[in-house]
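Participant: Here are the chains, one letter per residue:
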Amino acid sequence: MEDPEEVTTGQPVTTRVTAVAYDEGHYEEEQISGAEEWVACSERSGVIWIDVAGLHTTEPLEMAAECFGLHPLIQEDILNTDQRPKVDFFANYVFVVLKSLSIDKDQDAVLHGQVSVILGPNYVLSFHDLDQNTFEPVRQRLRYARGRIRALGPDYLTHALIDLVVDSYIDTLEYLGDRLEDLEEEVVERPTKDTLPVIHDMKLEMVLLRRSMWPLREVVGSLTRRESTLISDATIIYFRDVYDHAYQVMDTIETYRDMISGMLDIYLSSISNRLNEIMKVLTIVSTVFIPLTFVSGVYGMNFHYMPELTWRFGYPMILGIMLSILVGMLVFFHRKGWI
Amino acid sequence: MEDPEEVTTGQPVTTRVTAVAYDEGHYEEEQISGAEEWVACSERSGVIWIDVAGLHTTEPLEMAAECFGLHPLIQEDILNTDQRPKVDFFANYVFVVLKSLSIDKDQDAVLHGQVSVILGPNYVLSFHDLDQNTFEPVRQRLRYARGRIRALGPDYLTHALIDLVVDSYIDTLEYLGDRLEDLEEEVVERPTKDTLPVIHDMKLEMVLLRRSMWPLREVVGSLTRRESTLISDATIIYFRDVYDHAYQVMDTIETYRDMISGMLDIYLSSISNRLNEIMKVLTIVSTVFIPLTFVSGVYGMNFHYMPELTWRFGYPMILGIMLSILVGMLVFFHRKGWI
Amino acid sequence: MEDPEEVTTGQPVTTRVTAVAYDEGHYEEEQISGAEEWVACSERSGVIWIDVAGLHTTEPLEMAAECFGLHPLIQEDILNTDQRPKVDFFANYVFVVLKSLSIDKDQDAVLHGQVSVILGPNYVLSFHDLDQNTFEPVRQRLRYARGRIRALGPDYLTHALIDLVVDSYIDTLEYLGDRLEDLEEEVVERPTKDTLPVIHDMKLEMVLLRRSMWPLREVVGSLTRRESTLISDATIIYFRDVYDHAYQVMDTIETYRDMISGMLDIYLSSISNRLNEIMKVLTIVSTVFIPLTFVSGVYGMNFHYMPELTWRFGYPMILGIMLSILVGMLVFFHRKGWI
Amino acid sequence: MEDPEEVTTGQPVTTRVTAVAYDEGHYEEEQISGAEEWVACSERSGVIWIDVAGLHTTEPLEMAAECFGLHPLIQEDILNTDQRPKVDFFANYVFVVLKSLSIDKDQDAVLHGQVSVILGPNYVLSFHDLDQNTFEPVRQRLRYARGRIRALGPDYLTHALIDLVVDSYIDTLEYLGDRLEDLEEEVVERPTKDTLPVIHDMKLEMVLLRRSMWPLREVVGSLTRRESTLISDATIIYFRDVYDHAYQVMDTIETYRDMISGMLDIYLSSISNRLNEIMKVLTIVSTVFIPLTFVSGVYGMNFHYMPELTWRFGYPMILGIMLSILVGMLVFFHRKGWI
Amino acid sequence: MEDPEEVTTGQPVTTRVTAVAYDEGHYEEEQISGAEEWVACSERSGVIWIDVAGLHTTEPLEMAAECFGLHPLIQEDILNTDQRPKVDFFANYVFVVLKSLSIDKDQDAVLHGQVSVILGPNYVLSFHDLDQNTFEPVRQRLRYARGRIRALGPDYLTHALIDLVVDSYIDTLEYLGDRLEDLEEEVVERPTKDTLPVIHDMKLEMVLLRRSMWPLREVVGSLTRRESTLISDATIIYFRDVYDHAYQVMDTIETYRDMISGMLDIYLSSISNRLNEIMKVLTIVSTVFIPLTFVSGVYGMNFHYMPELTWRFGYPMILGIMLSILVGMLVFFHRKGWI
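Just so you know, the sequences run in chain order A, B, C, D and E. Every number in the working numbering is 6 more than the matching position in the first sequence, counting from 1. Every number in the working numbering is 6 more than the matching position in the second sequence, counting from 1. Every number in the working numbering is 6 more than the matching position in the third sequence, counting from 1. Every number in the working numbering is 6 more than the matching position in the fourth sequence, counting from 1. Every number in the working numbering is 6 more than the matching position in the fifth sequence, counting from 1.
It is worth saying that the hints were derived from the structure and are not from the lab. Mixed in with the good hints there might be a few duds.
[What the hints assert, rightly or not] Quick partial rundown of chain B residues pointing at chain A, CB under 8 angstroms, derived from the structure:
| hint | residue |
| --- | --- |
| 1 | K92 |
| 2 | R154 |
| 3 | L270 |
| 4 | L274 |
| 5 | S275 |
| 6 | P313 |
| 7 | T316 |
| 8 | G320 |
These figures come from a predicted structure and were not determined experimentally. Built from N, CA and C at the ideal position, the CB exists for glycine as well.
Make a model of the complete structure from these sequences and hints.
Facilitator: Structure (structure tokens):
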């Protein structure tokens, strides 16, 4: 919306640029910075992967744009952290933007990060705005040549990165699933006034997850549809696998949404139930004692001529009458199922 | 998401591998284990059907992959018990994942299992994660050559297996339908605080059924669309029949959902109705006796000059007044329709 | 789901097989039973229409299958009374399943029947599970050669039968519309605890109608799309007309659903309104008499030194004070709009 | 559903048939009736427009069918006043059915009429069931040759008629918008028991409008898609303009629906708010006076030995205590924000 | 709907026509009025941009129509301020209508304006109904030749104008987001009777924004689909960028809608919670003092024979009994969690 030069992501984070070059036989890794190192790096042989973590200046983007010939709008998209997940197929590279999740255990909060991946003929560029070591597991698989990853090209590497992002949703949903179970117990056992905002926060979190996941799934879906020659047939089946996982994530989110909406119902009806309970206590006490008080009031009147007052057993008799009223009332409430 | 070697389904179950080979004239059946038996089995003539029940190790999967040349991702899909129902058309086999249901009568719960079926040119492989004899009825039909099953090829056998899975939904829905009727009676006749969570459990169960059934129907639908040469035209009409059944199951689930949402309304309004009833009792007793108590209070005052107190018939008169107030109140409540 | 031989519709009904053969010049009608009569009938010239009412054995189905060469699965579909409305285009016949409605005035209930129609090159077969004379009006039009029906072929006859089924929805909706008006009056004027289940029954009935009508409309729609050579261009325009009627039925159902959901709201708010009314009575009586009782209680105290008690006009004065409190309260409630 | 001969619209209305023939240079208008006049009229030169208002017999339909060669089903559709808006493209004419609206100011009600238009190569036929002068404005534009209407052909005339129908929705929505504003004020300021049914009537009216407008928009949409050679390219742009208006009408209806659903919420919560207010009054009065009454009750006891009773300042002291209880209570309620 | 000559936007606003002509090397800007200046202007070389702000007469439209040969319906669309956002592709120009937003800080209201843009081979015409300097930022970029704007043609200028409109949504949503946060705090902390209408106003505002944004996004979408030769391939990628922004705006609107619906729930349940609190106070006070009052009433009876009255410690004993009742009640309420 503005010229890209003026946009920054704002938070004081460290930028770490990790360059990797590999083929089936060898693996090199180094931290780079500055134009010369970028250029040197972009001219290596084999598959080149440059990973920028904690992106907060435009500098690495300008390096990347110059070395690999990227369109100026891509810079803007990568820096705009409100960017919706999407894939753009350019003539000689594919540009993917995704939302990744991570859990801040200290604050008990879900962090939403943004991951951009550019797949070229012999290179992969990845950017994330949070300075987390998100893609370290992939580097380890490369380093120790685990599985087929080093034999397959940059498209398989892209798959591995996107797979990690989808996995971050699965982990987050497991974490939220645990909190949801606690919340469900709280709603059924001991709901308080503060329970409702918590339920709504969960509901909103699900809405946000859904809003990130839905286009992410479409992105993966369009990567399986052979729209670019940069993705080989052998890799497409792996993308289809990620697509299945994305579907599962959507299903889990939907199930959680249904559970949350059920909790809302239970919470709201528990308020009504508590009102009923309060009213029952009031009604029982009032309807028992108000008639008795009336009876005692009658014999507290000062009429000169009230024969009962002079009877020998007037007082015990009236106490007996009161007792029968009391018992009658209790029987009535018992029949109503109130006590 | 992980390498398939590290994934297990977790529960301590017995794995039972039943191998069957048949054609129109003969039928062989044996329990197999170990690589040699698998290889021997895979080289039999006629239609070969290997059924793995209670899958919990990767061993049978590796055997199958080796003997029949399956893609590595298939192993992962079969072991991932959160897999969404789907069909994958490979070059020389069709891979189907389904969710089957069964009822645990002891625990009064619906068990969700996972069934995978691979249809090859002359073989069918089936896997389920629960160690139940799910497919025994099909083996019996084969054994005693009931119906056309032995004359028709592996595609018809696949149809028979999938038909059994869809039937497991019909049985489960009948079972849940009975419970739903009980629940409906409870909601209308004697709702308690514990009724609401039960209604929501039912609702959630329906959501889960729907979430398994919906993609299952799509799977069956795509099997009817001639997307693979492994399914003959003669068999497609049988798959279309299963597709109709799947549609009926969806309709039943939707009807149950509507019934459950109606129960929720009735439950919630019954709470309000009960509050109304409680309040009526309180209001009747209070509004009858509070004025009477006031009257008796007036004549309990100690003013020196209160002429009524000295009247000969003051006391009976005041009792009469009280009685008229009482009668008047009761008439008023009767007109309101409260008593 | 089972072999068709084992399925029966269960109710003790009479099966009546009416065979008709007609062309523009002549019309024959007879009741048939037994294989020979079926065969004789199927060899007649002109358009042959065999109508089976009250189907409860497989016998007529087997006759029909033999005489007209029907696929075995059709028998199963006809007998399975949970069959969803559908159309199947076979090589030389079209198979249509529909749900018809009728009203049981004695039980004030809507009966759901199943109608199957098979349209061949020169024949029409119709089956219904209830032993009602559903299709008699069509036979009358044929018998007395009313309109164009005898000049046009078996496709037009099929149209006439399906049109009758759609008309059964219109009649039923008119009947339900009357009941809905009564119900609306009840909800607004004198709602009781039993009103809610009735509303929900109506709602569920609409859901069921919608579930039968929706696929029925699709069936008619696909009959207008020239998918079979058995339906001539001249007849397609009549099917399109039925399609319009089906659309109207759907619209009416949707309108009724909206009306019912409005009734639910009115019912639920009427409960709250009644609670408000009860509380108003309680509040008025209590807040008037509780302060008065307090005043009388003050002068019922036994302090030795209470100057007011000895005043000459103490008693009338206090009665006056009480009256002013009473009047003040009533003015207050009047301003609140409560009385 | 029935033979067209037997259907009538039922209301005693006057049928008025106005025939117009025009080209750029001349304009003729006359009231016609009887077969001969129809035939004479249909043979005129220029564009022929025959407008039938207040249709209640089949006679004009039969004339039209004969003179212009219409399909028999069209008669049925025009007379069936429950007909859903639709367009049918026949070989040499286009048949359009629409719902028009008008406001009966006396009864404060929206009247739903049905308008049918048939566009032929050189003629336009229009029918409406209400005897209103709906299309008079178009005749005036023709008569006084206002705008381009006389230069353009029968397709532009058809556009002018349909535009008038869409305008009738805009007028009606303005009228309903005013009523909606009044209703909103009533809901917020002084809701009564009768407000809810009025809200629901408005909601249902919107549902009905939406149900007429939705297919109407589709009709106009398909007229813009060049499906018939009877509509020239120059006219299509005008139909597209009507299509935009139809879209605006849909948007307004949706906005009104949202407003109505907001009113429902406000109405329902106002009932709860009123209950809260009633309960506050009850609670304040009761909790103030019940403890005071208890205190006075204590000193109304007749124990022989009660030292306070004999104290010189016992009575004023107890009055002081009562006053402090009262003040304490009022402070408590003030802090709660109740008074 | 009416002849365009008769339509005016009604408000007394000043019309300001700013004509700009530029190419890479030069930039001219002037205020124009009157036919001659329009004609002179339209014959300039380079890209011509005429911007009409505060449109309220048809005059500038007629000038534009004459100079640039526009279709008469375009005039009508521009003046009809209820026009839905849309794009029309004419033979030699593209016509776009959009809704722009601005915030009236004095009235704390969102103003909805209408912006129309016409893109021709070498010119751009823009019209807005509010007399705001909406497009001044674009003129500044042109004036000072910032970025690529002067090098790229009229299609890029059109993109810049539409981008500004989409930005006006982003600004407005930020403003509304702040108000939403305040509202959320109010709902949770101190909801009053007036909170509900404010929530509903916010909800309705979101509905209106959504209704403007949804077609706006479609408009931008169709501009990216190469439907006109007036938009070059180099510019399409910029429109795709605007399309992404439009998507983000939609997502934000949806998130706000979910937040608002959550507030509604919290508001409604807070009313119930407050009722519960009121009832608790009433119940505690009533159930404590009503039994105590009864006890005091018993000993206020005037029976001649009441032995307790004569006991030496009768009075302190009865006070002790009352105290124990009080303590018992308080313990009971404490256990219930009410105090």
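Participant: With reference to the structure, classify each hint as holding or not holding.
Facilitator: Consistency of the hints with the structure:
1. K92: Check passed: Cβ of K92 of chain B comes within 7 angstroms of chain A, closer than 8 angstroms.
2. R154: violated (35 angstroms)
3. L270: L270 of chain B check passes; min Cβ-Cβ to chain A is 7 angstroms, inside 8 angstroms.
4. L274: holds (6 angstroms)
5. S275: violated (10 angstroms)
6. P313: violated (11 angstroms)
7. T316: With a minimum Cβ separation of about 5 angstroms from chain A (threshold 8 angstroms), the hint on T316 of chain B holds.
8. G320: Holds. Min distance 5 angstroms.
This entry does not satisfy hints 2, 5, 6, going by the numbered hints stated previously.
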